[in-house]
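**Q** Counting from 1 along the sequence shown, just add 158 to a position and that's the residue number in this note's numbering.
Check before you lean on any hint, since a few could be wrong.
The calculated label-pair distances, taken between Cβ atoms and stated as ranges, are [unchecked claim]:
| id | residue 1 | residue 2 | range |
| --- | --- | --- | --- |
| 1 | Val250 | Met206 | 23 to 33 Å |
| 2 | Asn218 | Val178 | 38 to 48 Å |
| 3 | Met204 | Gln249 | 29 to 39 Å |
| 4 | Gln196 | Lys251 | 40 to 50 Å |
| 5 | Gln196 | Ile243 | 52 to 62 Å |
| 6 | Arg215 | Ile243 | 17 to 27 Å |
| 7 | Asp252 | Lys184 | 47 to 57 Å |
Think of the hints as simulated: they come from the structure by calculation, not from any bench.
Each residue gets a CB set at the ideal place from its N, CA and C atoms; glycine is no exception.
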Amino acid sequence: MIELLIIFGAVFGTATSAIVTNYFYKVKKLEVARRLSQQEQQQLNMIMQENEELRQRLENVEVIVSSADLDILTAGASMEDITRIKNTVSQVKDSKRFKLR
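Whenever a hint applies, use it, and build me the whole structure from the sequences.
**A** This is the structure:
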């Protein structure tokens, strides 16, 4: 009976250690793959900075467009057009997409 336990222990112990070792090997491989090289990190930082600059420029354009002078927009327009323009401008200003952070 003891010999049987030793055999099962050896077989299942080896299989268990192989599974655990394989798991840790895969984890380490993924960690190495996730690390960025110095050059990749610099490129990522440059892209993030450019993204922020473009976001600020877009927000500036949104402010300019959403705060257009009503005199320019309503020059020669009827009262109905003026009301429609004012409503559209207020909707754009209230829209979540055009709110500044």
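**Q** Can you tell me whether the CB distance of Asp252 to Lys184 sits inside 47 to 57 Å?
**A** Once the Cβ atoms are compared, 51 Å apart, the range 47 to 57 Å for Lys184 and Asp252 holds.
**Q** Using the Cβ atoms, figure out if Arg215 sits within 17 to 27 Å of Ile243.
**A** 26 Å, holds
**Q** Go ahead and decide if the range 52 to 62 Å is satisfied by the Cβ distance of Gln196 to Ile243.
**A** About 54 Å separates the Cβ atoms of Gln196 and Ile243, which means 52 to 62 Å holds.
**Q** Given the hint of 38 to 48 Å, is the C-beta distance from Asn218 to Val178 inside that range or not?
**A** Given range 38 to 48 Å: violated, Cβ gap about 56 Å.
**Q** Is it true that Gln196 and Lys251 lie within 40 to 50 Å of each other by Cβ?
**A** Since the Cβ atoms of Gln196 and Lys251 sit about 45 Å apart, the hinted range of 40 to 50 Å holds.
**Q** Falls inside 29 to 39 Å, the C-beta gap from Met204 to Gln249?
**A** Holds: the Cβ-Cβ distance is about 37 Å, inside 29 to 39 Å.
**Q** Can you let me know if the beta-carbon spacing of Val250 and Met206 is within 23 to 33 Å?
**A** 29 Å, holds
Of the hints listed earlier, the one the structure fails to meet is number 2.
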